[in-house]
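Model the full assembly from the supplied sequences, consistent with the hints where possible.
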Amino acid sequence: MSSCTKALHDLGVAELAAALRARQVCAVEVAQHFLARAKSQSDLGAYVALNEEATLAQAQAADARIAAGTAAPLEGVALAHKDIFVTRDFPSTAGSRMLAGYRSPFDATVVQRLAQAGAVTLGKLNCDEFAMGSANENSAVAPWGHAGPAPVRNPWDRRRVPGGSSGGSAVAVAARLVPAATGSDTGGSIRQPAAFCGITGIKPTYGRASRYGMIAFASSLDQAGPMARSAEDCALLLSAMCGPDPDRDSTSLDRPAEDFGRALGDSIEGLRIGVPAEFFGPGLAPDVRAAIDAALKEYEKLGAKRVPVSLPRTELSIPVYYTIAPAEASSNLSRFDGVKFGHRAKDYTDLADMYRKTRAEGFGAEVKRRIMMGTYVLSHGYYDAYYLQAQKIRRMIADDFQNAFRHCDLIAGPVAPTVAWEIGAHGNDPLADYLADIFTLPASLAGLPGISLPAGLGADAMPVGLQLIGNYFDEARLLNAAHRLQQATDFHLRQPGAA
Numbered sequence: 001m002s003s004c005t006k007a008l009h010d011l012g013v014a015e016l017a018a019a020l021r022a023r024q025v026c027a028v029e030v031a032q033h034f035l036a037r038a039k040s041q042s043d044l045g046a047y048v049a050l051n052e053e054a055t056l057a058q059a060q061a062a063d064a065r066i067a068a069g070t071a072a073p074l075e076g077v078a079l080a081h082k083d084i085f086v087t088r089d090f091p092s093t094a095g096s097r098m099l100a101g102y103r104s105p106f107d108a109t110v111v112q113r114l115a116q117a118g119a120v121t122l123g124k125l126n127c128d129e130f131a132m133g134s135a136n137e138n139s140a141v142a143p144w145g146h147a148g149p150a151p152v153r154n155p156w157d158r159r160r161v162p163g164g165s166s167g168g169s170a171v172a173v174a175a176r177l178v179p180a181a182t183g184s185d186t187g188g189s190i191r192q193p194a195a196f197c198g199i200t201g202i203k204p205t206y207g208r209a210s211r212y213g214m215i216a217f218a219s220s221l222d223q224a225g226p227m228a229r230s231a232e233d234c235a236l237l238l239s240a241m242c243g244p245d246p247d248r249d250s251t252s253l254d255r256p257a258e259d260f261g262r263a264l265g266d267s268i269e270g271l272r273i274g275v276p277a278e279f280f281g282p283g284l285a286p287d288v289r290a291a292i293d294a295a296l297k298e299y300e301k302l303g304a305k306r307v308p309v310s311l312p313r314t315e316l317s318i319p320v321y322y323t324i325a326p327a328e329a330s331s332n333l334s335r336f337d338g339v340k341f342g343h344r345a346k347d348y349t350d351l352a353d354m355y356r357k358t359r360a361e362g363f364g365a366e367v368k369r370r371i372m373m374g375t376y377v378l379s380h381g382y383y384d385a386y387y388l389q390a391q392k393i394r395r396m397i398a399d400d401f402q403n404a405f406r407h408c409d410l411i412a413g414p415v416a417p418t419v420a421w422e423i424g425a426h427g428n429d430p431l432a433d434y435l436a437d438i439f440t441l442p443a444s445l446a447g448l449p450g451i452s453l454p455a456g457l458g459a460d461a462m463p464v465g466l467q468l469i470g471n472y473f474d475e476a477r478l479l480n481a482a483h484r485l486q487q488a489t490d491f492h493l494r495q496p497g498a499a
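At position 485 of the sequence shown (counting the first as 1) the number is 485 in UniProt numbering, and the numbers step up by one without a gap.
One or more hints might be untrue.
[Said to hold, decoys possible] Computed cross-link-like contacts, EDC-like style, restricted to lysine to aspartate or glutamate with a CA-CA straight-line distance of at most 16 Å: (1) LYS297 x ASP490; (2) LYS305 x ASP293; (3) LYS39 x GLU53; (4) LYS6 x GLU29; (5) LYS357 x ASP337; (6) LYS368 x ASP337; (7) LYS297 x GLU269; (8) LYS305 x ASP409; (9) LYS301 x GLU269; (10) LYS39 x GLU52; (11) LYS357 x ASP347; (12) LYS346 x GLU361; (13) LYS305 x GLU269.
No wet-lab data here; the hints were simulated from the structure.
Just so we're clear, the structure is a prediction, and the values are computed from it rather than from any experiment.
Okay, here's the thing in structure tokens:
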């Protein structure tokens, strides 16, 4: 194939981009290699759509730009997108029957910007329906190569969940089916699956990346971000994804695009890492605690200082999130009524009957549950008691972080209380899934950037993720802190045996 000493699927984004620029490999070869891997490991359920013709056309165009000397930073690098981002060349379903077969007339801003940076789209990746879930067991769409809906399987142990809702993205990266992927994070949906699958994923400050073309779940929380094997690769992708989009996204921040990798390699001597006592309570599994403690000791070896801090309202993040997010989902999903687009019931007697049957058929159980919760807390007589109170506590949670950042530069802790559980283990207990989000929800409610990076293996040799949380717009420092740990350890290089 080329003068590359590694197999193509073992190259990260930065390595692959360099090999393409050096003409050691061509973009078409890269695309064909990863398409073949995606098909050969379809049992993982990671992909929901492939379009070989469109992918190879993009790769040919990338090769032409490389030959002409006009290559962009990610020229020819193969990526895949969570099926929450709309795309012209691939179906966009958000993992729901409601949008089965839907084809968007435009690309999401995140997809468009990565394409402008030269990336080649391999396909769309599985996710929990409308991004609602912590295990990727809620998708109603058949994965590529499957006859019907099936759970996404963790490549470290196919009996276990990959985390959610960006489970397909995490699995595809961990199993070396793609060098990197996009994800979305509403309450931890990038960080938690990244932790469960042993990869790196970052949620930027809310508003950094445009939400235009990202199918909405909870508008004040949803944020796009990259998932890859290393912090260096995430920095490259995030630099391409972010930037203002005022004409199309009113929540987009008026901050120019920047190089998030500019600080990579800087010393972290004297870096103050805050460790909240609330993240290390009795609910944290001993194996996860041990891995996080070991990672923090590595930081101390690198010159960082461990500082005790407090986030006293951590436990309140669960009821606050599961009041606000369903309320926003109830509003956002009201557009799916069978009139304008999407699924429509075949047999109905009148308009009201069509609404009822369309939504009953089109939405899955978890989506219905959250719509019901959201409609309830927004209803007359309950708005002040629930939704308004939740918004007030949300502000207090954000204030807790600002108080903590007076004493530290970054905050560290686990991503999830346990390693990935077995598929179906929480089937009759949705609250168990909700409780698994306790360490990721606070940063989401505050709109802060957070990154998950591999911190070793826990019980049954399953990956454990370390979470680092930064202050607003501190992505570059977060990424450098993650990068320095990855230079000192090999956690991020470990591969699942099935890869």
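### Message
Tell me if the straight-line CA distance from LYS39 to GLU52 falls inside 16 Å.
### Response
11 Å, holds
### Message
With the threshold set at 16 Å, check whether the alpha-carbon distance from LYS297 to ASP490 stays at or below it.
### Response
Given that 16 Å is the threshold and the Cα spacing comes to 15 Å, the pair holds.
### Task
Quickly compare the C-alpha distance for LYS305 and ASP409 to 16 Å and report which way the hint goes.
Within the cut-off at roughly 10 Å; holds.
### Task
Measure nothing beyond the straight line between the CA atoms of LYS305 and ASP293; if it is 16 Å or shorter, mark the hint as holding.
Measuring from Cα to Cα gives roughly 13 Å; hence the hint holds.
### Task
Quickly compare the C-alpha distance for LYS346 and GLU361 to 16 Å and report which way the hint goes.
Satisfied, since the Cα-Cα distance of roughly 10 Å is no more than 16 Å.
### Task
Take a quick look at whether LYS357 and ASP347 sit within 16 Å of each other, Cα to Cα.
8 Å, holds
### Query
Does the alpha-carbon distance linking LYS301 and GLU269 stay inside the 16 Å limit?
Given that 16 Å is the threshold and the Cα spacing comes to 9 Å, the pair holds.
### Query
Going straight from one Cα to the other, do LYS6 and GLU29 come out at no more than 16 Å?
14 Å, holds
#### Entry: Restraint status (C-alpha distance of LYS305 to GLU269 at most 16 Å)
Holds, at about 8 Å.
#### Entry: LYS39 paired with GLU53 [C-alpha distance capped at 16 Å]
Roughly 15 Å between the alpha carbons, so the hint for LYS39 and GLU53 holds.
### Task
Could you grab the alpha-carbon distance between LYS357 and ASP337 and see if it respects the 16 Å cut-off?
9 Å, holds
### Task
Take the C-alpha atoms of LYS368 and ASP337, compute the straight-line distance between them, and say whether it is at most 16 Å.
Roughly 13 Å separates the two Cα atoms, so the pair holds.
Every hint from the earlier list agrees with this structure, and none is contradicted.
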